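Participant: From first to last, the protein sequence lines stand for chains A and B. Quick note on numbering: this note's numbering labels position 262 of the first sequence as 262, and the sequence is numbered without any gaps. Quick note on numbering: this note's numbering labels position 291 of the second sequence as 1291, and the sequence is numbered without any gaps.
Just so you know, the hints here were simulated from the structure itself, not pulled from any lab data. Some hints could be false.
To be verified - List of simulated lysine-lysine pairs, DSSO-like, C-alpha gap at most 27 Å:
no.	chain 1	residue 1	chain 2	residue 2
1	A	299	B	1299
2	B	1268	A	298
3	A	268	B	1038
4	B	1038	A	299
5	A	268	B	1298
If you're wondering where the values come from, they're calculated on a predicted model, not measured in any experiment.
2 protein chains.
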Amino acid sequence: MYRPEIKVVDCTVRDGGLMNKWQFDDAFVTQVYQALNKAGVDYMEIGYLSSESAFSREEVGPWKFCAEDDIRRVTGGQERRVKLSAMADIGRIEYEDIPDKSDSSLDMVRVACYVHQIDAAIALAHHCMDKGYEVTINLMAVSTVGLRDLNEGLEDLAKSRVPVIYLVDSFGAFYSEDIDLLARKYLERLPGKTIGFHGHNNQQLAFANTIAAIIAGVNYLDGTLYGIGRGAGNCPLELLVSFLKNPKFRVRPLVEAIEAQILPWRQKIDWGYFIPYMVTGVMNQHPRSAMAHMESDKKDQVTEFYDQLTRPT
Amino acid sequence: MYRPEIKVVDCTVRDGGLMNKWQFDDAFVTQVYQALNKAGVDYMEIGYLSSESAFSREEVGPWKFCAEDDIRRVTGGQERRVKLSAMADIGRIEYEDIPDKSDSSLDMVRVACYVHQIDAAIALAHHCMDKGYEVTINLMAVSTVGLRDLNEGLEDLAKSRVPVIYLVDSFGAFYSEDIDLLARKYLERLPGKTIGFHGHNNQQLAFANTIAAIIAGVNYLDGTLYGIGRGAGNCPLELLVSFLKNPKFRVRPLVEAIEAQILPWRQKIDWGYFIPYMVTGVMNQHPRSAMAHMESDKKDQVTEFYDQLTRPT
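Only chain A is shown next, with the shape it has when bound in the complex:
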């Protein structure tokens, strides 16, 4: 599938950091950066853009903030082909804490929001655009949004200046047919805009759903090395790049980075296909209950978790 408009966005540090509070060391972030450079990946989402007042640096690592000094320390003095992105959550970043583009190594800011936050997201996105950044809005948890709310949200987004809107399967609840239907709806209701897709792997469908999105006309595609990410994780970047067949991409640097940096984390944190994540995906629920179960001492007592989630209430 060679379509020059397609952009691949790696979220290894940002979404993977949800599993370890962004406690990746500099060697990790530097090697991921270098691998993405060599692999021809378009964007690296290096973390979140948060105000220092919103989180404590004693609890979370530097990639929850993406301070310019930290970014320069891991990317400075090196060839730069991959663009850098950071995600901004509504309410966790003050406008004045966003640097001007000319003072920042970041190229893109992606504003994540729920449907009831769309107005705030558009305002923040316009602010970032005015500061000089490429900007997207990533509308999360669409699998729980009613049709009327979704239509209204898309109408508001259509009127905005934001050029890229993401369809996000936050709970890993969607089948490929859902993605096909929703992607076509986004394309139709957001004329002139580019659509992106970010999947989760609760039902082992993140990669398949990304392909469904591509076929439907989606052009911004998220992945992470070896699928690292919250809960069941994301679309594995190495699978996506292998699929795309665009001659600009190289798979080998991704495999190298997986060997050196991701496999060691595989021993320490559990992302990927586990029954608790599968159950929240099938039930279309936030993975937080599954993450709590996976972190408890009864991780393998999966029937108990199943009963807890499926019990009639």
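Please arrange chain B on chain A, whose structure you already have, making use of the hints.
Facilitator: Same frame as chain A, but now just chain B:
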């Protein structure tokens, strides 16, 4: 997707046994059997039907043979809703070693073959039908078969009396678009026959490809508990049953069996998504080189394996 014609075939013991030489103890096989009964799964493939002369019982467990005594020991005296199946490989079973249906607990024999063995497979399949069994032919490794060979093979199968023909993605190389195309081709060229699908998970597409097969009109669907199976494994049965939404199915017994019997094996053998299996899938190769790498002491040296498989020859 509620379609009454759909039959679900569990291959946990048969395909999972490829990872441990069928060394499952009786408690394992019994609990899988009971779980499938309770879950409403249509068939349990309990192993291979092989002649005693073809393998040594010192090397392989009982489910490489499926002797009637062994089957009765694990299933006897219990409610019986699930039908039992065994797979027969060309050249590993003598005609006279196949019992008459009246002397066997087996309901179905699935004959596995490569395209050059289709004539032998049809003869063996007819022999099994004449002995009273339900019969399928599972044409393996189609991703490496040329178009003319495939068309000729399908022509031969169309002339046979065998009622069910399987499309098999042995190497986990197919994308859903391939499955859609091939499933429609099988349906068109095999009029009056039922089509089945058996996937492998090298690219995390076994479940997605099974859904693509269902949409194309495929009615026999293979899965295994937690995806256990050769190399990257198979379509996870619990995902498939969750998807089908047929009121006859129950997911909970599958989760129970995974907890009690599959998770302990997860500590001992590696099936699922690993880079070596991903690489053979992308390269459309038999997983044997990846399995050897995974069993070696350099399992995590995945770049070396990538180089070995992608080196120009």
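Participant: Now tell me, hint by hint, if it's right for this structure.
Facilitator: Hint check:
With a CA separation close to 26 Å, the supplied pair residue 299/A and residue 1299/B stays within the 27 Å bound. Note on residue 1268/B and residue 298/A: the hinted pairing holds, with a Cα-Cα distance of about 19 Å set against a maximum of 27 Å. At roughly 36 Å between alpha-carbon atoms, residue 268/A and residue 1038/B are farther apart than 27 Å, so this suggested pair is violated. With a C-alpha separation of about 24 Å, the suggested pair residue 1038/B and residue 299/A falls inside the 27 Å cut-off, and the hint holds.
Distance restraint check for residue 268/A and residue 1298/B: the Cα-Cα separation of roughly 19 Å lies within the 27 Å cut-off, and the hinted pair is therefore satisfied.
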